[in-house]
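Peer 1: Line by line, the protein sequences give chains Z, S, D and U. Mapped onto the numbering used here, the consecutive letters of the first sequence carry residue numbers 28 to 407. Mapped onto the numbering used here, the consecutive letters of the second sequence carry residue numbers 1153 to 1242. Mapped onto the numbering used here, the consecutive letters of the third sequence carry residue numbers 2 to 244. Mapped onto the numbering used here, the consecutive letters of the fourth sequence carry residue numbers 228 to 505.
To be clear, the hints were calculated from the coordinates, so they are not data collected in a lab. Quick caveat, the model's predicted, so the values are computed rather than measured. C-beta atoms are modelled at their ideal positions from N, C-alpha and C, and glycine is treated no differently. Don't take each hint at face value.
To be verified - No more than 25 Å apart at the CA atoms, straight line, and that leaves these computed lysine-lysine pairs for DSS-like:
#1 Lys1187(S) with Lys454(U)
#2 Lys327(Z) with Lys125(D)
#3 Lys238(Z) with Lys454(U)
Unchecked claim - Residues from chain U that face chain Z, not an exhaustive set, calculated with beta carbons under 7 Å:
#4 Val307
#5 Met313
#6 Asn335
#7 His336
#8 Thr488
Chain by chain, the residues:
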Amino acid sequence: MTAPRKKRREAFLLGNEAVVEGALAAGCTFYAGYPITPSTEIMECMAKRLPHVPDGAFIQMEDEIASMGAVIGASLAGRKAMTATSGPGFSLMQEQIGYAAMTETPLVLVNVMRGGASTGLPTSPGQGDVQQARWGAHGDHPIIVLSAADVPECVEMTVTAFNFAEKYRSPVILLLDEITAHTREKIELPEPGDFEVFSRLTPTMPPEWYKPYEETMRGVPPMPPIGSGYRFHVTGLTHDPLGFPTSRPEEVRALTERQFRKIDRFFEDIQIVEHVETADAEVVVIAYGCVARSARLAVKQAREAGVRAGLLVLKTLYPFPRRHVEPLLRNCRLAVVPELNMGQLSREVKRVNEGYTTVRTINRIDGQIITPSQILKEIA
Amino acid sequence: MGRNRVVVYPDWCKGCGICAAFCPKKVFAVGQDGKARVVNEEACVNCGFCEPHCPDFAVLVIPGETDQTPCPPETAPDPAEQPAAKEVKP
Amino acid sequence: MTGAPKDKTLAKPAKAATAKAANGNGNGNGNGNGQTLARYEIRLSGLGGQGILTMGKLLGQALAIGHGYYVTQTQSYGPEARGGASRADLVVSSEPISYPKTEYLDLLVALSQEAAASYYSYLKPRGALLIDADLVRQSPSSVALALPFTRLAREKVGVPQATNVVALGAVAYLLPFARIEAMRKSLKESLPEKIREANIKALNLGYQEAKKRLGEPIALPDPDGGDEVYAARMDLTEIMTED
Amino acid sequence: MAEITQLIHQYLRHNKKFPLVFCPGCGHGIVLGSLVRSVHALGLPKDDVVIVAGIGCSGRIAAYVDFNTVHTTHGRALTVATGIKMANPKLTVIAVMGDGDAFSIGGNHLIHAARRNIGVTALVLNNFIYGMTGGQCSSTTPEGAYSHTCPQGQLESAFDIVELTRAAGAAGVSRGTVYHVKELDALLAEAISRPGFNLVEALTPCFTQYGRGNGFKSAVEMFKWLKASCLPVERYEKLEDRTGKLPIGTFVRRDVAGLETRWANMRQALAAKKGGAA
């Protein structure tokens, strides 16, 4: 039929290492970071790989604030840029995330969630940064938050994160957890052409016509790299279409509304979920990250035990995929939301539920993963 | 022609008085309206002090053909140097 | 059915072969045995510095890439880099693995007394325990399989650090679905030239010692509840002498 | 001399509101002029110049000049500048910061930028005070001086910027003032053209928030103070009594390649090794 496929290169990689494979496949050429467990392998792997990537640049900064600053700078200069961190570092990055959202600077931030608040449980898994990923930076701003559950997905979702960042000119946060980051699995190493890769739209009009924050059809203005002949002003202050600070109410409103609209309009593209036997499910588990793996086994076992169980795996956490969750809640008698926190994403599920069905949460914060049997107990 | 012409843009001038205070020929004065104005244009020697020292780019000296006496560097020792107004060491 | 697509990912692989779909079993990797395997769980344990994590990575890599199984390998990190307890867990299956951690062990390898004592209770009733004969003085079970890995590494290989690879050789013999040549290939590919020869020697030693002293490979749990012994294995003597 | 003002107008963004947002007598406009003249003197095209600014009065400078301009968050200008320079070493990157930006909230970034010797020029407008927030003390407020957060007089001592950046490993360190404009022009041009991390501290009086509370009667008086107390470092060093005197000029000149150059060299060496082996 077709010529025999060339044997693909395989590797037995950590989730963290797979993130690097995904990033490079997506065209990432810049990494700035500060080491922190359990995300450090991403940085180490980047340090090894980027010197060999065309135009690749890597820099270890003095802290996480500086890392985000460098990533923003590199992105403004036209690079696909990324950083990775974990809990405490993520907190330090919040101001710069807000700056990236306000200035519509594409970048990818991988946060490998560990247990507990503050220094917490550095080598244990957690999912306690979910609400922070959405609301951590002050002020109203849109943001895209993704997650991955296994090693092949780390590749896929990192590529997706870069694509969304470039397509929507937005910071994209990829939430992993210690389990996903530190599990080794086999992947096929991505090769050119494996993934559809997007790059930001650059302006084609003469420089003197260019308005860096102009309203466009998609709501996403084109973005030239610094130094390419389009000189403009970038500021974290609320700005007019030319990029200059403004406090005129109509301009302030127009900017904020466009920034939200550029994401809101494309929910169908952005909100990624996976349905597992949800078609006839009377019990639905809604999960993400490593917990989704436990849930997958639990649902399988429940089906074997005669319970019509289904699983919705959320790969996009924000914008919250209401259009997928809501119909399921309307048709099931029980929804179970297991997470490694005291109930963060379950808030969203309950908000969407509006009292239709019973929403039960399984919360675990002792640094251990929620096991399949723990979930099975709640659904069978 | 012949003489230097000195112009102050009133819209940009904030009346800080630097030009008036430091002009060696007392070409400027700060008026009642709080803006600098040219009061002694004919004395201008186009020394080059006022333009780079105007924080608001509001002074323009259009040189004529005569009276060109560049001012010495600001760091040159000044025999009439006054003691510091206040000794504040950063 | 809500009618939603099953896996709507933007980063759609352009080709039919996705990174995930190709993660399968026996997809042209030359797995001659093609042994079907339900969830099989292994824990390698010992002290920090014994090379447990490396051993886990090597075993996982050989089973995943060399044999074509689905493998998840996780590990526990002690707070100290060296000296603390150390363990690496593997789940091996012919099917995609949902839960990546171990629940009930089929095989426990313990290279320290503490490890044997603390993890023995996680073994399935018929699970196998493999211990270092010298370092685990009090075996938690009378049916433990024991070899003096550390002593073998020191005396026969001349490299005490090769303990983990000697143990890996024994594991390669004991696992009924593992093939020594795939192990050897994996080892060769992942080790730097300088230490390659000693490690291959260690692997072969562990394999031969296990074959000589530990009897038949472990029986796979029979999905139907029986306890049949999978004994059909290739004679590897010839391949062994190549090295 | 009309060309001085005319030249500045060539570099201003006339779609911005003028006059400048700064108070009467603020030296920031003079520094802006100096920056424009030194870039012009070096013949750098506008497209190749990036001004990265922090927060505060100094941060507002960026919006007025027709370069590539980035107004960042408080204290982080150097981090963004580092990213830009690493991403595109061909650009001339100048980080414009205030004393609060550079030495207080961004102090860590400053010493590390100097240590790693990234090819960025740091232009610090030092007015000894937090001007935009209304006159609170900064890490350069002199001991004994008054501000809203030290109404009884500053108890802490101020940073010695020259020694700080020298110790951190900067390739160049210099100090100028807005009274000594021609010298400032030269210092800036020299700093921009020297490889590696170069810091130029420009003393620029803030009469509104600092001068009034510390015994100055007018902005002019502050300029007179600069004139009287600052002298070239060569002369300063010969002084017997240095009380109330401040040296200006260049304090550190080192010939060291910037990080971006060392990175490029490393990549080249790797590629050569790989090419040689193949």
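Peer 1: Now tell me, hint by hint, if it's right for this structure.
Peer 2: Okay, the hints, checked on the actual structure:
1. Distance hint between Lys1187(S) and Lys454(U) is fulfilled; the C-alpha atoms sit about 23 Å from each other, no more than 25 Å.
2. Distance check on the hinted pair: Lys327(Z) and Lys125(D) sit about 21 Å apart at the alpha-carbon level, within 25 Å; holds.
3. Distance hint between Lys238(Z) and Lys454(U) is unfulfilled; the C-alpha atoms sit about 44 Å from each other, more than 25 Å.
4. At a threshold of 7 Å, the smallest CB-CB gap from Val307(U) to chain Z is about 4 Å, leaving the interface hint in force.
5. Against a cut-off of 7 Å between C-beta atoms, the interface hint on Met313(U) holds, since the closest Cβ of chain Z lies about 5 Å away.
6. At its closest, the beta carbon of Asn335(U) sits 6 Å from a beta carbon of chain Z; the interface hint therefore holds under the 7 Å criterion.
7. For His336(U), the suggested interface contact is upheld, since its CB lies about 6 Å from the closest CB of chain Z, less than 7 Å.
8. The closest approach between the C-beta of Thr488(U) and any C-beta of chain Z is roughly 12 Å, which is over the 7 Å cut-off, so the hint fails.
Hint compliance for this structure: hints 3, 8 are not met, and every other hint is.
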